[in-house]
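> So you can see what is in the structure, the chains are spelled out below.
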Amino acid sequence: MSMANAAPRLSRRLGEIAFLAFCWIATGIALVALTAILWALVKQGGGGFFKPNGGGIDLNIFTKSTPAPGNEGGLLNAILGSLMMCTLAMLGAVSVGVLAGTWLSEFARESRYGKVVRFLNDVLLSAPSILVGLFVYEILVAPLKGFSGLAGAVALGLIAAPVITRTTEDVLRLQPVALREASVALGAPVWRTIFAVIWKAAQSGMLTGALLAFARISGETAPLLFTALNNQFLSLDLTKPTANLPVVIANFALTAYDDWRRLAWAAALLITATVLVVTMVARTILRGSARS
Amino acid sequence: MTAIADIDVAAAPRSARGATLDRAFEILCFSAATFLLTALGGIVISLVIGGWPAIAKFGPAFLISAEWDPVQEVYGAAGAVTGTLITAALALAFAVPLSFAIAIFLVELCPPILRRPIGTAVELLAGIPSIVYGMWGLFVFAPWFAQHIQVPIMMSAKPGSLLATLTSGIPNGSGIFTASVILAIMVLPFIAATMRELLNTIPPTVRESAYGLGSTTFEVIRKVSLPYVRTGAIGAVMLGLGRALGETMAVTFVIGNSHGFPTSLFAPGSTIASTIANEFTEATGALHVSSLILLGLVLFIITFAVLAMARLLIGRQANL
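Chains L and S, in that order, give the protein sequences.
If you number the first sequence the way our numbering does, the last residue is 337 and the count never jumps.
If you number the second sequence the way our numbering does, the last residue is 843 and the count never jumps.
Below, a sample of chain L positions facing chain S; criterion: calculated Cβ distance under 8 Å:
1. L76
2. L179
3. F180
4. L203
5. P234
6. W236
7. I239
8. A295
9. T324
Read the hints as simulated data drawn from the structure, not as lab findings.
Cβ atoms here follow ideal geometry from the backbone N, Cα and C, with glycine treated the same way.
Bound-form chain L, shown alone (with noise of 0.2 Å):
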């Protein structure tokens, strides 16, 4: 055979250089808009950790709440809201998710139901964060009458269960079978088993779970803006409406305010930092355990 004859013809190179340089563009719009959105999110809301005129870091963010348009403020209202409705949601959906994935590894088997759950749980993962805000505002907020908290707190949770209770489902699938026979056979009862031998063998990835889910719920809005509505004020009172970093966004961005938007964009970059910083220690934390 010629050499002519073993190169490809023009017309199946020149699909394949086009197909190459497809793949190489692709990339590079994603990288470009990931560099863009972050960029935008320093430059804009980096100026709210500074003092307008130039003099050095400004603590305000963290110190002062929420201001009047055109008065001196920060966001720690909206920092202290979001932390605690997070951790309520967190407690929650970790005790929920951690013994709901749990009897689907352990318990469930082939059992029809099992299978049910398994799928509507997956279902319940990517459903529109908006419809359990409609939710909860339905079963806590109409009939208790007065936005809270508490209800954004349970809508949050209703999010991360879900995500959790896959990823607890996922790890422990992978411990073998001989880690449970070994502590059956000495004599362990089940929860004995479940508790000290299968979730320790498991605890990193189950941790990798909870901090993904976590990431996922900080920055949620749609499910808050008629769950925990805002609130102006510094309040610790989780039974009214309770003020936090994604509402503040979505009410000060879309003002003619200057101060309020130079807000909502370092609330922004805070959120944003922490949900990359936050996914990023679960990565490290999940390839750390792939490893050893």
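Chain L is already provided as a structure; the job is to place chain S on it using the hints.
Okay, now just chain S, sitting in the frame of chain L:
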């Protein structure tokens, strides 16, 4: 089989107290799983109950009418449903080729040293909150888009031509098209991640034999890899569609928020989620609230169908 329920625990020595606690623990776990099921059921039931006054008042006309008038108390979902479907479809039209290409790049073409940083960067794109996409879309992307894309296109379109009709409107950067672009960037990492996992499930020998026969990368992807993961790939696209349909804050910021059918690609519009987010806390009456909840039920039915299909197609192989 790795489940503890498959082990014959009764054969091992254990106390009566241990057996009771075991039973209690299993019931506890079972209750947690049932709780999640109840939550999903509760969402459906609460949406039906909340939307019932609107169902009783408008009946099937709710789905056909595009009139949304809080003053006259007449509500119809057609405008918002159309906006939702158009933005999601356009977003997928942009996102699917790009995300497939990114997945192929990461699996086949990427220099190994860049694989992890680029993979992580694409994953980070998925982590950015919806509202941040909204702010960026409104304050950064929309002005740029208006100046560098919208105005030139509208200037060059012949009056009366199809292009002129499709691109009519005020060139302020927000509207159906901008919302679709932002949505595309948002769903892209999800589709790319699922595709990447799917491509990694292809046995190396399958691809190697295709290369061995003299195929180019393009031919291996088109004739071997993609057919191999076809079902899962459709599932990945459906998963992206499910996300695009329900996205709220980003769309609310950039779509322009006008009721009724959108008149062109650059015209303002609304989606189901953006309408609910905009109007729910400021709803004027019981019927307005009920109509918004009924909109939510329509969104739930659409996304449930899409997501259920996606899960059935992907199966449990892709870890998402």
